[in-house]
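Peer 1: Take a look at the letters that make up each chain.
Number of protein chains: 6
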Amino acid sequence: MFLKKYFEEFEIGEQRLTIGRTVTETDIVVHAGQSGDFFPHHMDEEWCSTQPFKKRIAHGTLIFTIGIGLTASFINEVSMTYGYERLRFIKPVFIGDTIKVTVSIKDKKDHKKPGFGLVTELVEVFNQNKELVMLCEHLLLVEKKQA
Amino acid sequence: MFLKKYFEEFEIGEQRLTIGRTVTETDIVVHAGQSGDFFPHHMDEEWCSTQPFKKRIAHGTLIFTIGIGLTASFINEVSMTYGYERLRFIKPVFIGDTIKVTVSIKDKKDHKKPGFGLVTELVEVFNQNKELVMLCEHLLLVEKKQA
Amino acid sequence: MFLKKYFEEFEIGEQRLTIGRTVTETDIVVHAGQSGDFFPHHMDEEWCSTQPFKKRIAHGTLIFTIGIGLTASFINEVSMTYGYERLRFIKPVFIGDTIKVTVSIKDKKDHKKPGFGLVTELVEVFNQNKELVMLCEHLLLVEKKQA
Amino acid sequence: MFLKKYFEEFEIGEQRLTIGRTVTETDIVVHAGQSGDFFPHHMDEEWCSTQPFKKRIAHGTLIFTIGIGLTASFINEVSMTYGYERLRFIKPVFIGDTIKVTVSIKDKKDHKKPGFGLVTELVEVFNQNKELVMLCEHLLLVEKKQA
Amino acid sequence: MFLKKYFEEFEIGEQRLTIGRTVTETDIVVHAGQSGDFFPHHMDEEWCSTQPFKKRIAHGTLIFTIGIGLTASFINEVSMTYGYERLRFIKPVFIGDTIKVTVSIKDKKDHKKPGFGLVTELVEVFNQNKELVMLCEHLLLVEKKQA
Amino acid sequence: MFLKKYFEEFEIGEQRLTIGRTVTETDIVVHAGQSGDFFPHHMDEEWCSTQPFKKRIAHGTLIFTIGIGLTASFINEVSMTYGYERLRFIKPVFIGDTIKVTVSIKDKKDHKKPGFGLVTELVEVFNQNKELVMLCEHLLLVEKKQA
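Chains as they are written, first to last, in the numbering used here: chain R, 1442 to 1588; chain F, 1442 to 1588; chain C, 1442 to 1588; chain S, 1442 to 1588; chain D, 1442 to 1588; chain U, 1442 to 1588.
Chain R with its partners taken away, still in its complex shape (with noise of 0.2 Å):
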């Protein structure tokens, strides 16, 4: 699960996909009590069915959680994340949609900080339809070989 992957390593186009995970009801109703966001938009099923997306849907930081947590399977030692840029959420996730997250390297370039760089992930999370539901860019600052 421990591995190391230097800065030199990370090639611009490089891909990976994650296994899928069901988003459930579950999800949504533990989200909002970690979360303490009980909107309607994700609590009230009836007051949903009155709006335009007609159903309960989840919260932008579930699915950013869920998305995330899905890439989480190995532990790079000499990598840590700087942030994320450009995080949006293109479509709503519903209750039983399936998704699933596509890491690509994007982009890697010098750091200010001696002997590492930057590493630009894009992260892109896809229902069972193929559709893309949410993206961003996680930027990692990762340790050169050869510093």
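Everything labelled a hint here was simulated from the structure, so no lab data went into it.
A quick note: this is a predicted structure, and the numbers were derived from the prediction, not measured.
Wrong hints could be hidden among the right ones.
With a straight-line Cα cutoff of 25 Å, these simulated SDA-like cross-link-like pairs (lysine to any residue) come out [what the hints assert, rightly or not]:
#1 K1495/U to G1524/S
#2 K1495/R to K1445/F
#3 K1532/R to K1550/F
#4 K1541/R to G1558/D
#5 K1495/C to L1576/C
#6 K1496/C to G1524/S
#7 K1553/F to T1543/R
#8 K1554/C to R1529/S
Given chain R's structure and the hints, the job is docking chains F, C, S, D and U onto it.
Peer 2: Below, chains F, C, S, D and U alone, put in the same frame as chain R:
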């Protein structure tokens, strides 16, 4: 809880402060269970004691979830989340830390969607020592009163 | 979220309505896990199908918890809960029902504690068919402005 | 676990004592998540340290939920909850307190529903110092053997 | 809830039946979160629909947890778990299945620990169609009355 | 995450070690809520302080759940669980203990199902002091490459 605050009514520099919330071991364990991220940084006290930060730290997605959740105290019916920019985790959050959020209107500008403008909220999460632990920019697509 | 509403400022007949919330299977399972009450009325779909009410029903303590929780949208710094009277479960709540709460000021009177009065809120929980499912009287000990 | 105890078989003065349960931080965090009540009294250790009670306190609805749950150790097939009276929260319950419940038959009387009587149980919740922290009267509608 | 049942008081062939419990989607999601096992067999409805069993199935450890939990209705103060043998998952348990457990005393024999004997309980978990879904042998180390 | 490891590829003596995980109060409270087992051994700090082990201990089914969960880091598409043998709880696990699991291939032999063999994994759970707290044998039914 429902209100209407139009694009014209946002003022740059406006600020609000949320109530606080203590980040607990329970939050971390529940978040691991929701995200599927059981990395030792969050879940293995023994391993953490051998690392520079010494103690288990909250997941970034947890601080984002609670931070954004704390800001969700009213529903603006004429606004929707467009996305987030520049999400940064500045300092680790440990079990027992208490966080609080400042939301400041940082920018507003027209948007290509007719009748809407884009408002940028700067979201800053502070711990009990008034140290900034997380920040991001929340982009809101807000209806104009005079469309 | 914090405000001060003194005894003198409560008016008999005043009423507020909360947002709604759908009671989910998750809520019931989590509540069984919190209360330790795994009675078949709540947890055994097969057994319930042989009973007059046919389907699993929410715990009374769950409806009380969610109902009172829905009313907790602001913090009155000069008021505290004294207790509850006449808690009644009028109709069963099933998985998928959506509940909403009305709070009406029913009574106010002096109290032996100097500088305080007792306010009685009538709390009524309705389902999506506008049927009353639970009611109780919430007694508040409220500071007087002119003590 | 199922038994039949008829109206005639309840004796005024009869008493039973439940097993104990320690109220944990987890219970409070889960209860906030279930009720939607994230008031700082329960969730903000920093704010609580500035208040008279100094520490986070359990929600009233949590103590009611656990207290009633502790009493739910058998199913009386000829009895149903009619309601609760005089629910009072006498002392705060803190994280780490251990509670235990005494149930005493306080009253029994006829009821207008033919073949049923009303039994009043006094439910008293004590902490590890034998201090009464909560009480209520539980009204049971119980079938008569000789209807 | 506490009782004493000594080695001599167990009779081979004795049997008890627990109450039932419906296995819910919530149970599976919570169990994934507790175990850290997010395999698609339990969590990915899309992938499962391509497999022979067609639907998400409960984790083996979940059925073991609920099955053993259902048997825990009283505390025998003179008995402790020695271990389990021959744990088998005979048929998959799906969301919505209702399980019930039979415990039969299968064997009893002396044990090297003076004053104790070993009792073997056969634990059988059945679904709503009376199909055996899980079994195991629960070994109990039980005090002898006449040590 | 998906791989194929055939019967022929298992070598007796092969061993792998999982990452660690701290067993928290939250895990115990959540497990009580999932299993329905609220015995004072796990839930009543006061009562435990009068017992030989002095502190609340984790449920056996919890240690089994977390232990097996820690081993679930990849999906072998040509293997399925046949069952478990000789599950033993050697030492109590307390809140705050950190556990880690060793999986060793102990035995492999033919099986009556044509084209399959039976692999026995010895699963050993250790605490932070390298004390064995649980063990079991996990039986796997594994496809042969050359059926």
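Peer 1: Check whether the Cα positions of K1495/R and K1445/F lie no farther apart than 25 Å.
Peer 2: holds, 21 Å
Peer 1: With the threshold set at 25 Å, check whether the alpha-carbon distance from K1554/C to R1529/S stays at or below it.
Peer 2: holds, 16 Å
Peer 1: For K1495/U and G1524/S, compute the direct alpha-carbon distance and say whether it is at most 25 Å.
Peer 2: Answer violated: K1495/U to G1524/S is near 39 Å, above 25 Å.
Peer 1: Given the proposed pairing of K1532/R with K1550/F, does the C-alpha separation stay at or below 25 Å?
Peer 2: Holds, at roughly 24 Å.
Peer 1: Need the status of pair K1553/F, T1543/R: alpha-carbon distance at most 25 Å?
Peer 2: violated, 29 Å
Peer 1: Can you confirm whether the C-alpha distance between K1541/R and G1558/D stays at or below 25 Å?
Peer 2: Violated. K1541/R to G1558/D sits at ~53 Å, over the 25 Å cutoff.
Peer 1: Is it true that the CA of K1496/C sits at most 25 Å from the CA of G1524/S?
Peer 2: Roughly 21 Å separates the two Cα atoms, so the pair holds.
Peer 1: K1495/C and L1576/C were given as a pair; does the straight-line alpha-carbon distance stay at or below 25 Å?
Peer 2: holds, 23 Å
Checked against the numbered hints given earlier, the structure breaks hints 1, 4 and 7 and satisfies all the rest.
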